[in-house]
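Model the placement of chains B and C on the given structure of chain A, informed by the hints.
Protein chains in written order, with the numbering used here: chain A, 1 to 149; chain B, 1001 to 1414; chain C, 2001 to 2494.
Just so you know, these hints were derived from the structure itself, not from any lab. Check each hint, because a few of them may be wrong.
A short, non-exhaustive set of chain A residues, derived as facing chain B with CB atoms under 8 Å [unchecked claim]:
{"no.": "1", "residue": "Asp17"}
{"no.": "2", "residue": "Val20"}
{"no.": "3", "residue": "Arg27"}
{"no.": "4", "residue": "Ile28"}
{"no.": "5", "residue": "Arg96"}
{"no.": "6", "residue": "Pro97"}
{"no.": "7", "residue": "Thr119"}
Chain A residues, not near chain C, derived (Cβ > 10 Å throughout) [as the list claims (entries may be wrong)]:
{"no.": "8", "residue": "Val22"}
{"no.": "9", "residue": "Leu86"}
{"no.": "10", "residue": "Ala106"}
{"no.": "11", "residue": "Thr131"}
{"no.": "12", "residue": "Leu138"}
{"no.": "13", "residue": "Arg140"}
{"no.": "14", "residue": "Val142"}
{"no.": "15", "residue": "Gly146"}
Partial list, computed: chain B residues near chain C (C-beta under 8 Å) [as the list claims (entries may be wrong)]:
{"no.": "16", "residue": "Leu1015"}
{"no.": "17", "residue": "His1071"}
{"no.": "18", "residue": "Ser1228"}
{"no.": "19", "residue": "Gly1232"}
{"no.": "20", "residue": "Ser1314"}
The beta-carbon is built from N, C-alpha and C at its ideal position, and this holds for glycine as well.
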Amino acid sequence: MTQTPRTTDARILVVDDERVNVILLERILQQDGYSKVRSTSDAYKAAALYDEFEPDLVLLDLHMPGLDGFAVMEQLESRTPRDTFLPIIILTADIRPEVKRRALAAGAKDFVTKPFDRTEVLLRIQNLLETRFLHLRLDRQVVRQGQGT
Amino acid sequence: MWRRYGDAAYTLVTLAIFGFETLALGWLSLSFLLGRATGIASTRVEGVLLATVTSTASALALLGLYLLTYHFTSSLRDRWHVERLDQWTERWIALALEDVPAEAAADTPRLRRLPRAAVDAVLSLLEVVKGDEGDRLKAVLARHGVDRLFLRQLQKGHLAARLDAIEGLGKARLPQALDPLLSLLQHPKPVVRRMAVRAAAGTLATMAPEPGRDGPGGRFIQALQGASLQPGVVQESLLLLETRAGVVLRDLMAEPDLDDSLRRVVLETTGRLGLADMAEEVAASTVHPDPELRAAAFRALHRLGSVPEGAQASLLAALDDEVDFVRVQAAHAAAFLSAGAVLPALESRLGDASWWVRRAAAASLARLGDDGVATVRRAAETHPDRAARDMAVQVLLETGVLDPAAARLVKGVA
Amino acid sequence: MWDVPLTLYQYMLLVYFSGLNLLYGLFCCVGLRASVIIFAREFSQGSLRDLLERDVYKPVSVLVPAYDEEVSIVGSVRSLLALQFPEFEVIVVSDGSTDQTMQRLIDAFALAEQPWATRQDLPTAPIRRTFRSLTHPHLVVVDKENGGKADALNAGLNLARYPLFAAVDADSMLDAEAILRATRLFVEDETLVAVGGTIRPLNAAVVRDGRVTDLVMPKRWLERFQILEYARAFFTGRSGWSHFKSLLIISGAFGLFRRTAVLEAGGFLVGTVSEDMELVVRLHKHFLRERKPYNIRFTPDPICWTEVPADLGTLRRQRNRWHRGLCETLWKHKDMLFNPRYGRLGMVAVPYFWFFEALSPLVEMSGYVIVVIGMLTGFISPRFAILFVLLAVLYGMLLSQLAAGVEVFLSNRYPRMRDRVVIFVAAFFEFLGYRQFLAFERTLATIQVQWKKGQWGKMRRTGVQGPPPGRLVPVDGGGPAGDPAGEPKPKAHV
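For reference, chain A alone in the conformation it holds in the complex (with noise of 0.2 Å):
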């Protein structure tokens, strides 16, 4: 009987090309209890960061020179199996609505408006991160099932 993981267990990605932001938020998630944090403010860094890291919820900046969070998005897109709920949180100062609808699009599941709001991330993060283990939890029950019969 598998458990679920304790959120807390959860592996973080952050990519940020603001070296602030980068340590702040990884401050803010250490003191919450969040040990595994990875984070880059290299956007080009973040798709092989992907792979080696296995993130399960990924803290993502819109706005950054050269490769900008819709690219990154596409990138681990396109490395992320169907179906796998991988959560994407956007961080961005820009308000308009267009915006958001594109980022839900792209692929996000939620958004921070900076400045931010330390209790909002956390929520926001751990109301992702569980949703994101019941996926997995689901996911596993289907394949034990799929292997019963």
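Coordinates of chains B and C only, in the frame set by chain A:
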């Protein structure tokens, strides 16, 4: 893009050197002329020449020394700055997240003045975090008198210092800075006004809303009206208002004597921010005497994706407006009316004299459902005006109704 | 007998250099203040980011005139299409190419011929066919009869549908972020009609995915001198002019224009050597005559990277062409000289370009000649001659060092200390041959203006324009791509 230390000094050095050289060369020219004219032995002129050469060489040597020194010290300083910045950032984060008890953090030794790196670190963090954490950081600024320092620099001090202060206050978003910043909207230098309005907008965005002309929003609006700012700059600042934008825009729109150019900015920004609940107010400007405003209103409605009932009549009238850019924007907005109401009017616009109007009309028709597309197809084949037929075909191609081969066929027939 | 004229001429030389010095110094200081001091504070990284995140930009049409570019066109267009710009279109105009340019484009981008409803805002040579790409909806390709670069640009303008346009050379590398930042200026200032950015030499830099990731000093002194020149020209020269609202030159490599304004002024002029400079001057003229408020400015940010000539022959041809273009434009608009109707432009800027830019190589050369003659005729003592030449050289070094010293303040300067020292040293060596060589070439150009006129049209891009572009393709990470650029490399296919 630039380092901010030593730049003012360098400008002064440049000025000094050039001033000196001008004098030296001028003196040389004069002695030369006098020397030749009066037949004085050329040794005197040579003397002057030698002096000039020596002075130039020394200026060059001094300059070279300054630059080389700057090269070395700046690399060191940059590295050092980054390290310090990281250290302070960690420290402030710990304070903000309450990892460190307040007393321990306040042991940032009796320094009343915080080092530059520390201030930069706090300001960077304030750009990213709000709420309780943000408040703790703002308290840090207050405790060390940074805000008072900025405010003082705002009023006096040379240009570079003033701009630094405005930038700092813009990042810190301290409520007490709003009024001093607004007062700078009357400053003679355009760059000061521009930076001040952006900083003020950023500050206002985080302040608690207080309705009325005396509240912060009201004061901001008053200041905007009295300031001579380029419309684009006002637009930028309105966009920086974030969630406060809607309220401010609504209040601006309701101002009785609103300047035309400001009204145009308000319409543009409302459209850009997608504030659909302001469609009625926007629509009121569709009958404004100034064509620029009429066009701006229609463009905004187009962006908002809705045309209120009351504006339908004015839109239909605008499709026949004598000014072409009004017709263009009206045609774009027409895509959001019901097909029945607007089809015939749009169809007649396919033969408009202006290319842009024809394009807008065809594009809107193509978005009005099957009836609209059918109208465009009909026009592609049977419209008497060649230009209208061409545009119809092009729009059908772009929207994918026809493929290139079919399009060529249609063109061949028409 | 030689006495009086020689004396007079020497005196004029001295006055000339004093005047030049004064103006130069003025621009240096003003340029420094505007570009460095003020700009640094108004647009720190954070502020720019804030504005851009809020959609403060305008859409752009990128015009790419091409003539016989079969080797490089696909790579260029591909890198342009990859720009991460929210809203833009790329319009490639093949100016009657006789090689496989069109076919390569058709194959690479799945072009489908389409009948196109065009505007005829500007007259051009007839258009044969227009294409749209099935894979890239914002790519348009036009095949037209040969008419020259300006004509091709005009054809592109007829098709462009965005408010702004940029005319690019295939040699330059565009940075999407750079364009975005430049368009913001048009939002901020409604009267702005043209913006020029900064150009820096790309040679030997490490490029990755269309961005410069590491600045490396090239090994050849020729390229090093050019790095110096560009820094000087942009951060002090153009910046100063722009501040006084008298900017006459916007580099073809990176210029952003408001389409309606250019149409009003009549589009690009066919048959000139440097159509970009001619356009800017004409824009000034048009708006001054019409008494409409307008602005043409330089912005230190963004930075556009371009490959500069790495061998003497190409450099000579390039500078010859530039100088001829300058002289031609000035001559064409000679009615602006000392004409108060054109305000500061007519009374200060245009005369400056006549006397201190167009004629300066002649003056410089004549200075050397005078000294030699003077020595030979005994009019000038050898000591005087040596001191005089020494003064000229030292003085030139001083100017050079002062202006290039601005580079030291750049955040994105050459990271390695020894590279920066190289530039510092280059400012001294520049005057021991390089400058004189260029002055000579430009003197030749001044003389050749008249009879080299017709040659521009069809000789484009066969080496006259410069080396075939060498580095638009990502160079895979790792160490400095310090190719000493022995031979110009053909651009690799992506």
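Quiz item: For this structure, which hints from the list above don't hold up?
Solution: Result: hints 1, 18, 20 break, sorted rising.
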